[in-house]
Every structure is written in C-alpha cells, then in structure tokens.
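Asks: Produce the entire structure from the sequences given, and follow the hints as far as they go.
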Amino acid sequence: MGTRLTARENLAVGALRSVNWVSRVTGRGAGTVAGGRVGLRISPNLLAVLTRDRTVIVVSGTNGKTTTTALCVAGWGGDVTTNATGANMPAGHVAALAGSHSTHVVLEVDEAWLPDVLDAVTPKVVILLNLSRDQLDRANEVRQMSERWRSSLASPGADPVVIANANDPLVVYAALDADQVRWCDVPTNWTLDAQSCPRCTRPLEHSPSGWSCTCGLATPEDVTTSLNGELTVAGEHAALSLSIPGEYNRGNAAMAATALREVGVLLSESIPRMQSVTGVAGRYTVRSWQGRQMRLLLAKNPAGFDALLSTVAPEPIDVWVAINANIADGRDPAWLYDVAFEALKGHVVWCLGERRLDLATRLDYAGVEYRIVEDLASLPATTQPVELLANYTAFQEWMARSAPC
Amino acid sequence: MLKIAVLYPELLGTYGDGGNGLVLAERARRRGVEASLELVAMRDELPAADVYLLGGGEDGPQRLASDLLAHNGFVDRVTDGSYVVAVCAGLQILGRTFCVDGNDEYQGLGLVDVVTRRGEVRSVGELCVRVGEQLLVGFENHGGRTVLGEGVAPLGRVLRGRANDGEVDGYRTDRIWASYAHGPALAMNPWFADEILGTVLGQELDPLGTAADLLYARRRQILTAGLAG
Ligand SMILES: [Zn+2]
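So the sequence lines, in the order shown, correspond to chains A and B. Everything in the first sequence is counted per the numbering used here, starting at 19 for the first residue and increasing by one. Everything in the second sequence is counted per the numbering used here, starting at 159 for the first residue and increasing by one.
Simulated from the structure, these hints should not be mistaken for lab results. Since the structure is predicted, the reported quantities are computational estimates derived from the model, not experimental observations. We treat Cβ as the ideally placed atom computed from N, Cα and C, and that holds for glycine. Just to be clear, a hint being listed does not mean it is correct.
What the hints assert, rightly or not - Where chain A lies over chain B, by a calculated footprint (3+ residues, C-beta under 8 Å):
| hint | stretch |
| --- | --- |
| 1 | 180-190 |
| 2 | 339-350 |
| 3 | 370-382 |
Unchecked claim - From chain B, some residues computed to sit far from chain A (all C-beta separations above 10 Å):
| hint | residue |
| --- | --- |
| 4 | E168 |
| 5 | G309 |
| 6 | G324 |
Replies: Structure, rendered in structure tokens:
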C-alpha cells in the first residue's frame with residue numbers, strides 16, 4: 019500500500035500515527051480520532067487513498083451498527099480492519115485504516131456521514147439497517163436523512179451492493195434507486211417514524227404482510243433474505259444461533275451474513291464464526307460492581323429502548339435505569355415519552371443518572387413503581403444479577419465504574 | 159368523563175408529544191375524575207373531545223396533518239367549545255399560514271390570527287418562559303418565526319431560548335394554549351398541566367405532589383440560574 023501514496027499522503031498517514039501514539043502514551047485519549055483529524059487536515063482524500071484496493075463493507079443505520087459491524091468482522095474471519103466503537107466518522111475511519119494493513123475492511127458509519135463516506139470510499143457492500151429518530155436536537159428530521167441516503171446511492175459510479183431492511187420504509191426509499199439491492203425481511207418493530215410515506219408523505223398502510231402507499235412505494239417483493247426459524251439468504255439455508263440475546267440481533271446477523279455472501283463468504287462459514295461474538299464493547303455482558311452482578315444494556319434512542327424492554331424478564335425484578343442528557347446523548351430527554359416504559363409495570367425501577375427525575379416522572383405517569391437514587395450508596399444489595407439499562411454516556415459511566423466478572 | 163384526544167401522533171409526535179395527553183389524563187384520574195385518553199390515527203374519524211392535543215412534526219407530516227384537520231370537522235369542534243393544547247408544528251397549524259419545504263407558504267386552519275415564516279436559524283435548546291406568576295420550562299426545536307396578529311395574546315414572555323421571536327412564546331386564547339415548549343411540557347410543568355385541567359374541568363385543583371414537582375423545581379433552578387427576575 020505504501021508505494022502508491024503521494025508524499026503528501028505519506029505525510030498525512032505519518033502524522034496520524036504519531037498523534038495517535040502521543041495521545042495514547044500521554045493518556046489523553048484512546049488515540050484514533052485525534053490522529054485521524056490531523057491526517058485528514060493534511061490530506062482530505064485520505065479516506066479514499068486508504069481504502070484503495072481493499073474490500074470494504076460499510077454498516078450504517080440508527081440502531082445496531084456496532085453489533086452488526088462486530089458480526090461482520092467475526093463472520094468474515096481472519097484479519098479484518100475495523101474502526102473502534104464510537105469512532106464512526108471519517109477521522110475514526112482513517113485512523114483504523116492507517117493502523118492496519120488487512121485488505122478486508124468493515125466500517126461502522128454514522129448515519130449523517132454515510133453520503134460523504136460513500137463518496138470517498140468505494141465499498142463493495144453497504145448495509146442499511148434502519149432509520150429512526152435519534153437525538154433530534156442534533157440531527158434533525160429523519161426523513162431528510164433517508165432522502166440524502168437515496169440521492170447518494172442513486173448517483174452513478176462504482177455501485178455497491180446495498181443490503182437493505184425491507185421492513186423499514188425509510189430504508190426502502192433510500193435504497194430504491196440503487197443499482198443492486200438485496201432486500202432483507204428482518205424483525206423491525208419500530209414504525210412510529212414510518213407512518214407517512216417517505217416519498218409522497220401520504221399515509222402508509224400497514225398490514226401483517228407489509229406496508230404500502232398509494233404512490234406505489236411498498237414492501238419490496240423480491241426479498242432474498244428471510245428469517246423464518248432458520249435463516250435463508252439467496253436460497254442458502256442455515257440454523258442461526260447466536261451468543262447475544264434479542265430478536266433484533268438475529269436480524270442484524272441476517273444482514274451481516276447477507277453482506278458477507280457478497281464478498282464470497284458462505285453462510286456455512288460465517289454463521290458459526292458469529293457465535294464468537296458474546297458482547298460488543300461491554301454490551302450484553304455480565305459485570306460486577308460493589309458485590310453486585312449486573313447485565314449492562316445500552317440503548318441510545320426510543321427504538322433501542324423498546325427493543326431492550328422486550329428482553330427484560332417478566333417475573334418481578336429490580337431494574338436499574340440510568341439516563342443522562344449530555345451532548346452525546348442528546349440534550350433533550352423528551353424521547354422518554356416515546357418509549358413504552360409501561361412494559362416495566364410489576365418491576366421496581368431504580369432511577370439513576372443526571373436525568374433521574376425526568377425518568378421518575380415518566381415512570382410515575384406510566385404507573386410503574388420507582389425509586390429515585392440520589393446517592394449510589396442507597397442502592398439495594400441484591401443476590402441475583404441486576405438489569406441495568408442506560409443511555410450512551412450513562413452506559414460509559416457504568417462501564418468505567420464496574421469490572422468484568 | 160373527561161375526554162382527551164391526541165391527534166395524529168404518527169404525524170405530530172416528534173418529541174414525545176404524546177406525553178402531554180398522558181399527563182392530563184393521569185392528573186385528572188388522581189383527582190378522582192374519570193378520564194379517557196384516545197390516540198386518533200390518520201384514518202380515524204375525529205372523535206368528540208373536551209380537549210385536543212397537537213404535537214410537533216416534520217414538514218411533510220405537518221402539511222398532511224393540516225390538510226386532515228381542515229376537512230375533518232376539527233375547526234367546528236373547537237368553535238363549538240372544545241379546548242386545544244398545541245405545541246411546535248401544532249401551534250403553527252392553528253394559525254393562518256406556515257412554511258414548509260424551504261419557504262413555501264402553506265395554508266393553516268386560521269383559528270388564530272398568527273403567521274409563521276421560516277426563521278433565519280433553527281431554534282434548538284432549552285426554553286424558559288414567564289407565564290403570569292409562573293415559569294414554563296422546557297425544550298424547543300423548530301425552524302419557525304411566529305408573528306402574532308393584533309390582539310392575539312402570547313402565552314408568556316421568553317426568559318431563555320427563542321420561541322416565537324426571542325421575545326414571546328406561543329399564544330393564548332380562551333380555548334387554546336399554544337407553546338414552542340415541545341413534548342412532555344406538561345410533564346415538566348405540573349402547574350401548567352393543572353391550569354389547563356382546571357380550566358377544562360371548570361374547577362380549582364389542589365397540588366398533587368409527585369415526581370413531576372421535584373423535576374419542575376430542579377429544571378426551574380437550573381434554567382433560571384444567572385437570569386434576573
Ligand atoms: Zn407514497
């Protein structure tokens with residue numbers, strides 16, 4: 019790879035690596051993003067340069083990016099270049115690409131950055147998981163996002179194979195004009211943002227067999243990936259058993275396996291390897307804190323929270339929920355009212371995080387028993403593992419506070 | 159029986175706006191008043207209700223909601239005596255015109271002499287409004303600049319944030335409360351929820367004492383830090 023770089027690009031890669039090294043040894047950060055920024059400043063087309071001659075799978079969507087990326091990496095097998103959790107913008111991408119020489123690349127991409135990344139990188143495959151409201155005080159209007167994806171994927175060039183969720187109207191609209199699409203029938207329970215047609219705004223008709231609009235936009239008929247007990251991708255069948263929980267993760271694995279087929283990996287190869295994914299950046303794993311065991315669960319937005327609530331056991335248990343409203347979380351916790359917290363009726367919910375009062379108020383109106391935790395020392399001792407649901411920065415705090423067991 | 163109807167949550171519910179209906183119903187029930195909370199979908203007929211709620215929405219859905227409301231008897235219901243709580247896009251729809259898709263002017267319901275144009279910048283952030291003796295705390299996220307016609311009273315005076323124009327927030331008529339404080343504004347401001355409820359029920363309400371009061375006290379303290387008056 020080195021021989022093809024211009025002097026300026028070489029300088030950029032060198033600068034990137036040294037900034038990363040400095041920031042790592044001085045403990046000022048995990049490296050990655052800072053170095054990436056410096057590299058991009060010196061050579062803005064660094065992302066294009068560093069992906070030249072490499073086989074790239076790009077993963078984007080509101081929910082499940084990190085898990086799907088991990089499933090792609092594991093399912094591909096061998097040495098795969100991928101970006102670190104959370105560093106899903108170009109600075110994080112170039113840092114990962116400069117740090118590894120493997121020609122197999124899986125990049126998790128922030129939804130808003132997808133058009134720029136598609137412009138710079140010539141990916142072989144693009145996975146579009148879903149689109150729903152996420153931190154609307156920062157990224158406005160989810161429909162606009164779908165429109166931006168569509169025009170980006172419709173523009174001529176080296177056209178990627180698009181792996182698209184057929185049950186999400188906003189994703190279908192985005193993929194509509196792409197050259198090659200593999201439609202996936204995967205579990206998608208969040209339809210609140212898809213009630214009016216992404217193309218013409220008329221109301222969508224939802225039925226058990228799918229959704230449709232009078233303008234003709236509808237669930238694609240030529241679905242090639244489906245999950246009916248077993249996984250089917252373009253005629254190949256496989257039993258899908260994963261080490262991580264949740265129906266939505268089965269959908270993520272189905273889309274990852276579909277993407278890997280496009281780079282020559284069969285289901286019989288990819289699916290068994292995906293079982294090695296047991297936790298993603300601490301998610302789903304059991305951790306310990308002050309003599310208690312807890313399962314840490316991350317949800318960043320209403321769709322993510324609803325999916326998590328469906329995994330909480332029905333028998334009465336203590337559930338801890340931690341909510342912050344820092345910039346990375348979105349400053350506005352209004353979304354708490356878009357989550358069906360009524361599902362926690364029968365459990366006792368301990369309210370944690372800076373926005374514990376917003377949460378307590380929401381639970382109060384939902385008729386759920388709650389306790390406001392002003393001081394962590396007042397949390398009860400428990401013998402059975404606690405479910406701890408947290409949004410982004412609250413999750414990070416609890417990751418730092420707890421230890422693996 | 160107090161009938162509360164949340165209109166088109168699938169179109170106008172961008173910021174947890176459905177929460178306002180839930181809050182009104184729950185606060186009524188806790189006073190021993192029977193209350194029904196109905197979520198009205200696009201294809202449903204408009205039910206009779208004592209109070210209708212309108213939330214915020216994106217451009218396309220806002221236009222669609224406005225068209226639906228213009229033809230489903232909503233205007234007659236309001237003129238006949240129903241109350242309305244409208245936030246964000248809902249506030250704009252009740253007026254004469256609003257802007258969608260850039261600067262295209264769009265016909266509103268004309269229930270109130272109010273015009274909304276596209277603002278120069280998007281207004282996103284915390285909002286604090288003085289309403290009489292009280293403070294309304296919340297969050298705004300919209301691209302509108304709303305001008306009140308002569309004789310239309312604002313809901314309150316802006317202490318923090320932008321709301322209509324940086325000076326005042328929303329409007330208040332004898333049947334309508336309108337604010338740019340979106341989503342669960344009634345959850346965050348129990349006094350405001352009770353003022354609306356008390357008016358609709360025609361009775362004075364005693365405070366409830368719930369988590370919402372703690373939340374309101376905390377937000378009020380944070381948002382007024384450093385503000386005079
Ligand atoms: Zn349509």
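Asks: Against this structure, judge whether each hint is valid.
Replies: Against the structure, the hints come out as follows:
| no. | hint | result |
| --- | --- | --- |
| 1 | 180-190 | holds (count 3) |
| 2 | 339-350 | holds (count 5) |
| 3 | 370-382 | holds (count 4) |
| 4 | E168 | violated, 3 Å |
| 5 | G309 | holds, 32 Å |
| 6 | G324 | holds, 19 Å |
Checked against the numbered hints given earlier, the structure breaks only hint 4 and satisfies all the rest.
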